[in-house]
Amino acid sequence: MNRRNFPLAINRPSFKNRGPAYTPYGIIVRSVRPDETSQTNVLHYLDDGNVTFRFSWRKNEYLIPVMMIMKALVETSDREIFEGLVGPPDSKAINNTFVTDRVELLLRTYKTYGLYTKTKTRAYLGEKFRVVLGVPETMSNYDVGTEFLRRIVLVHLGNIEVTEDQDADKFKMLLFMIRKLYSLVAGDCSVDNPDAVQNQEILLGGFLYGQILKERLDEMLSVGVRGALREYFRRYPSNLFTTETFAKDFPNAIFRRTTENLGQALEYFLSTGNLVSPSGLDLQQTSGFTVVAEKLNFLRFISHFRMVHRGSFFAQLKTTTVRKLLPESWGFLCPVHTPDGAPCGLLNHLAHKCKIMTENVDASVIPQLATELGAVETSSSATDESVVVMLDGKIIGWCTPKESKRIADTFRHWKVEGSHGIPVHLEIGYVPPSNGGSYPGVYMSSQPARMVRPVKYLPLEKEDFVGPHEQPYMSIACTEPEIISGESSHVEFDPTNILSILANMTPFSDFNQSPRNMYQCQMGKQTMGTPGSSLRYRTDNKSYRLQTGQTPIVRAPLHNAYGFDNFPNGTNAVVAVISYTGYDMDDAMIINKSAHERGFGHGTIYKTKKISLKDDSRTRSSKNIEKMFGFAPGSTIRGWQRDMLDEDGLPYIGRKVEEGDVICAWHTVTSDRLGNLVNNDNQTHFEKYKDSETAYIEEVRLIGSESGTELGQTISIKFRIPRSPVIGDKFSSRHGQKGVASQKWPSIDMPFSESGIQPDVIINPHAFPSRMTIGMFVESLAGKAGALHGLAQDSTPFKFDEDNTAADYFGHQLMKAGYNYHGNEPMYSGITGEEFACDIYIGVVYYQRLRHMVNDKYQVRTTGPVVPTTGQPIKGRKRGGGIRVGEMERDALLAHGTAFLLQDRLLNCSDYTRTWICRTCGSFLSVQPTVSPFIGKRKAVNTVRCRNCATRLDTIEDLDLTKLDGEIWTDGQGHEWIGGEDTTVVVVPGALKFLDVELAAMGVKLKYRVDPKDAPRKGPLRPAPLDGVLLGKAMQADPPFRNALAVA
1 MNRRNFPLAI NRPSFKNRGP AYTPYGIIVR SVRPDETSQT NVLHYLDDGN VTFRFSWRKN
61 EYLIPVMMIM KALVETSDRE IFEGLVGPPD SKAINNTFVT DRVELLLRTY KTYGLYTKTK
121 TRAYLGEKFR VVLGVPETMS NYDVGTEFLR RIVLVHLGNI EVTEDQDADK FKMLLFMIRK
181 LYSLVAGDCS VDNPDAVQNQ EILLGGFLYG QILKERLDEM LSVGVRGALR EYFRRYPSNL
241 FTTETFAKDF PNAIFRRTTE NLGQALEYFL STGNLVSPSG LDLQQTSGFT VVAEKLNFLR
301 FISHFRMVHR GSFFAQLKTT TVRKLLPESW GFLCPVHTPD GAPCGLLNHL AHKCKIMTEN
361 VDASVIPQLA TELGAVETSS SATDESVVVM LDGKIIGWCT PKESKRIADT FRHWKVEGSH
421 GIPVHLEIGY VPPSNGGSYP GVYMSSQPAR MVRPVKYLPL EKEDFVGPHE QPYMSIACTE
481 PEIISGESSH VEFDPTNILS ILANMTPFSD FNQSPRNMYQ CQMGKQTMGT PGSSLRYRTD
541 NKSYRLQTGQ TPIVRAPLHN AYGFDNFPNG TNAVVAVISY TGYDMDDAMI INKSAHERGF
601 GHGTIYKTKK ISLKDDSRTR SSKNIEKMFG FAPGSTIRGW QRDMLDEDGL PYIGRKVEEG
661 DVICAWHTVT SDRLGNLVNN DNQTHFEKYK DSETAYIEEV RLIGSESGTE LGQTISIKFR
721 IPRSPVIGDK FSSRHGQKGV ASQKWPSIDM PFSESGIQPD VIINPHAFPS RMTIGMFVES
781 LAGKAGALHG LAQDSTPFKF DEDNTAADYF GHQLMKAGYN YHGNEPMYSG ITGEEFACDI
841 YIGVVYYQRL RHMVNDKYQV RTTGPVVPTT GQPIKGRKRG GGIRVGEMER DALLAHGTAF
901 LLQDRLLNCS DYTRTWICRT CGSFLSVQPT VSPFIGKRKA VNTVRCRNCA TRLDTIEDLD
961 LTKLDGEIWT DGQGHEWIGG EDTTVVVVPG ALKFLDVELA AMGVKLKYRV DPKDAPRKGP
1021 LRPAPLDGVL LGKAMQADPP FRNALAVA
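Residue numbers (the numbering used here): 1 to 1048.
Treat the hints with care, as some may be off.
[To be verified] Only pairs whose alpha carbons sit at most 30 Å apart, straight line, appear in this in silico DSSO-like list of lysine-lysine:
hint: 1; residue 1: K690; residue 2: K456
hint: 2; residue 1: K878; residue 2: K295
hint: 3; residue 1: K799; residue 2: K610
hint: 4; residue 1: K295; residue 2: K690
hint: 5; residue 1: K295; residue 2: K355
hint: 6; residue 1: K542; residue 2: K690
hint: 7; residue 1: K59; residue 2: K16
[Claimed, not checked] Per label pair, the in silico range of CB-to-CB distance:
hint: 8; residue 1: P515; residue 2: H812; range: 28 to 34 Å
hint: 9; residue 1: A561; residue 2: I653; range: 38 to 44 Å
hint: 10; residue 1: K16; residue 2: S488; range: 42 to 48 Å
Rather than coming from a laboratory, the hints here were simulated on the basis of the structure.
Even for Gly, the Cβ is constructed at its ideal location relative to N, Cα and C.
Throw the hints in and build the complete structure from the sequences for me.
Take a look at the structure:
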C-alpha cells in the first residue's frame, strides 16, 4: 500500500481523463487515523495553474477547489496564503514567476465564490455535503462543515475533537503539498515511484480485522441500534435516556433487536477473502485478502508468514512496471524468492532480517529537539533556501539544506546511542537537495506497518534499524572491505541479509544461475517433508510425510537457527554424474534398487475423510436424529463385512482397505412413543472406500455437536497411504535440478568405485552445462568431504571469492581423507566389471522428494462417461474422463501425415455416431423412422424415410392408390406418406449433429451433399457383353435387338 501520511508526487496519465482541464500531475496523501482506517486525499494540477482537492467517500468521488478547504480550516487572508506558498518578501522564491503567477491565479479564481471568512466557507461546505455525510438534521451548516473537515481532510493531523492548532497543522500541510505540486510541474523535483518499496508499507492482518469490526460496529449503531431506539421511544415516549426503566430495558428490549452478527462477518472474510464494505476501506481491491496456510512442509508454512502480495488489482495490469525488481528493495524484499509465471514480482517474500513494526514508537521528544537544533516556522518555496522537517506527516519546522543534514545525522547518532529519548526504530528519511531529484527534506516516521532492518552504524559500531524510505539516500557498505572512509555510514552485518529464509537454504547459491535459485525456492515448498511434529493430532484433508528424512551434511548455520532439523525435508544421496544406460535422458535419474529398499525417499500420504449422517441442509430445523452408526439389530450381514468392522460399526485401527471395502455401517432410526430410537426396517447400510489405492486405517475420530448432548452423527477417518518411490516420481536437488525416477536399477548392475561405493542416484552430465548450477558441484564436493570427516559443512553464499575458492577449500579436505582433490574417482561397470575410460564425478548431494507423484497424475481411459449433448468423453481425471486432443495436437498429427490416427482420435474414439440422412435434401433433421402395423411391440428401426421429400396421402387430391409409384409408409402419429425413400446411414461426429440442431433453432439450415457413389442402383444389373465388336455390329444391324438389350 502507499506509504502513510507522506505526500507522494505522481505523474499518472489517467488523471487527464477526469476532465478537459486536468493534467497528469498530482499529489497523493494516504492519511491514516489512529485506529488504522485511512482516507486518501489528492491534489490535482489543472492546465491553467489551478489546484483541485479530490477525495472518495463511500465509493463516490468528490472535487473541491483547494482554496475553499484552506479558507475553511483557518481564518486567513490572501496575503498569508501567498506568503505561505511562495515565502516571505525577502526570499529568493519571490523572483520565481512560475510559482507566483500560479498562486496569483489560484487566489483570483477563488474570488467568484465570494466566501472570505472561515464561518461562511464552513457553512457553504456543510450545505453541500450534508446529504453525503449523513449527519443529523438538527446540526447547523457550520457544524456539518466542521464535521466534513474532521472526517475527510488530512485526518492524520486531527480527527477527534479537532483543535485550532490541529486545523493550523492541516493548513500548513496543504500549503506544503501545493508547493511540492508546483515544484513537480516546473520540473524542479522528480515523481515519487509508487512501485518502489521506499514509498510503500504493509497492510497488516490485525489492522484490517480492526477496520472491518469498526465499520460493522458503526453500521450496527447507526442502523440497528438507532432503529431499535426509534421504535422504543415511539412506544414509550416518557422513558428518557436518564431513567432507570430505560437502563433496565436497554440490554433486553433494545440492544437485542439489533441483528448484526459481527463474528459471522469476520468469519466470512477469513474463509473467502472477500471484503464486503460500503466504504471499501480505502483499499484497491475487494477480494483475495486471505490465503490458506498449507502445512505441506515446514518451509511452505513459514513462507506463508513472510509473504507480501502487491494486490490483486496489480495482477490484472498489462504493464510489467509493477513487477520490476528495484534496487531500493535490498534487505527488505528477497530478489530470488518470487514465483515464476503469473504472480512473478507481485508475490514477494521478506528478507530474513526484515521486521515489520506493529505499533507506534514514542517520538514525542522529536519536535522539541528539532526546534533546539535549528528548525524554524518560516519558510520559502525555494528548496535551496529552506527544506521541511516532518514527523509522521506533521510539519514540525523548516531549516536550510545544510542544517537538515546536521539534524538528520544528530538524530541518528542519538537514536543509536539510545540517548535523548529517541527510539532506535524511528525512521529518519533524510532526502538531500539535488538537481531535479526527489523533493528534499527530513521525513521521520514512528508509526506501525513500516519495514525496518538491522545494519551496523559505523561511528558507534552498534546496531541501527533503517527503513526503506531512508535507505536509498544512505551509503551502506555491503562488506567490511567496501567501506569508503568519510562516506559510508553503515555496513551490513552479513551480505545474506538480502535473501529470504528459504533462499538462504539453497547451498552455495552464489555459484548458480539465478533462475535456478528461483526454481529451488518454489520446489523447496513442494517437497514431501515433515509437515509438523504433532501429526498424531492433525486432521488435514491431505498431508505428505517423508519417512526417512535426514539432516543435510551441507547446510547454512541459519538451518540450525530456524530449527529446520525438527522438520527434515530430504535425504543425503551418493550421486554419480554419468551417462549410464540411456535411462537418464532428459533429466531422468536412475535410482539404486538397494537404496530404494533401504528406504530412500520413502513417503506416506495421510488423507482424512469425514462421514456425516446429517443432511447437508444448513438449517437448524432437522434436530430429529434419523440415522445412527452401527449394525441394525436383527439385520443379516455377510461374514466378510462383519469381519471388516468392529461391533460399533466402525473400522478397526490399522486395517488394510482396498477399493470397494466397507469402512463403516449405519442404519435408520425413528423415535417411538417413549422417546427411544428404534430401527424398523432391519437394514444395515455401508459406506465404502472408493479410492483405487491400498490404504490403512490410521485413526477414527468421533465428532460430536458443540453442546455435547447430541448422539454421534459424524466420524472422521484418517487413512495412511504408503508411497515408496516408483518410476515417474519427481525428485530434485537443492539447485533447481528436478527430474523423474526413470528406473530402479539392480544394485549388482550399478557401477562401483574402488572403495566399493555404489551411487544411490545417477544423473546425466547434460543437466549441467546449459543450467550452470555450479553450486551442485560444490555441494557434491562439500558433502563428500563432510561425510568423510564427520563435519556439517557451511554452505552460506558469498563466503568464497577468486583468491579463496570453494574447489580448493573442499579439495584439500578430500585430499586429506585420501580422495581425489577434484572429486573424481575411477569407477567400474557393474555389468562387465571393466574400468570406465574416464574418472567419474561422485559425491554426496541432499535430494528432495517432491509431492508430484505419478500415482496422482496418471490418466487412463478406454470407454467411459460422455457429455450428453455432444457424445464426446467428459474431462477430469477423477471422473474417468479423457485427455483432450486440441487444435495444436491436431496440427502436429497433420504435420506428421498420420491421417488415420487423427481420424481415430477425433472420431472413432470420441463421438462416433451412426445416423440417417436424406440424400435428396441433405438433412439430418427431416428423417423419420417408419411404423409398421405388422411388427407389434418390437422397437427395432428397420426403415427410415424423409418427411421433407415425401408426400402425405391426405393432401393429394383425387387419390388413386393404383397409380401411386412407391411404397406407402406410416409415421408415429398414424399419418400415411409416400416417397422420401432416398435415405442412407452415415457416420459423423456427434458434435456435428449437435451443431446442426443448434443452428436450426436459430433459423440456419445446413445442407450436406452425400456422395452418390455408394447409392444402391435400381433394377437388375445388365449382363456384360462377351465381345464388344460383335455386339456393336449387331446393334447397328438390328435396332429391335438393341431395344431388347435395353429392356433386359
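Hint-by-hint comparison with the structure:
1. K690 - K456: Since the Cα atoms of K690 and K456 sit roughly 61 Å apart, the hinted pair is violated (cutoff 30 Å).
2. K878 - K295: Satisfied, since the Cα-Cα distance of roughly 24 Å is no more than 30 Å.
3. K799 - K610: violated (52 Å)
4. K295 - K690: holds (25 Å)
5. K295 - K355: Within the cut-off at roughly 23 Å; holds.
6. K542 - K690: Holds, at about 16 Å.
7. K59 - K16: holds (20 Å)
8. P515 - H812: 28 to 34 Å: This hint holds: roughly 32 Å between Cβ atoms.
9. A561 - I653: 38 to 44 Å: holds (39 Å)
10. K16 - S488: 42 to 48 Å: holds (44 Å)
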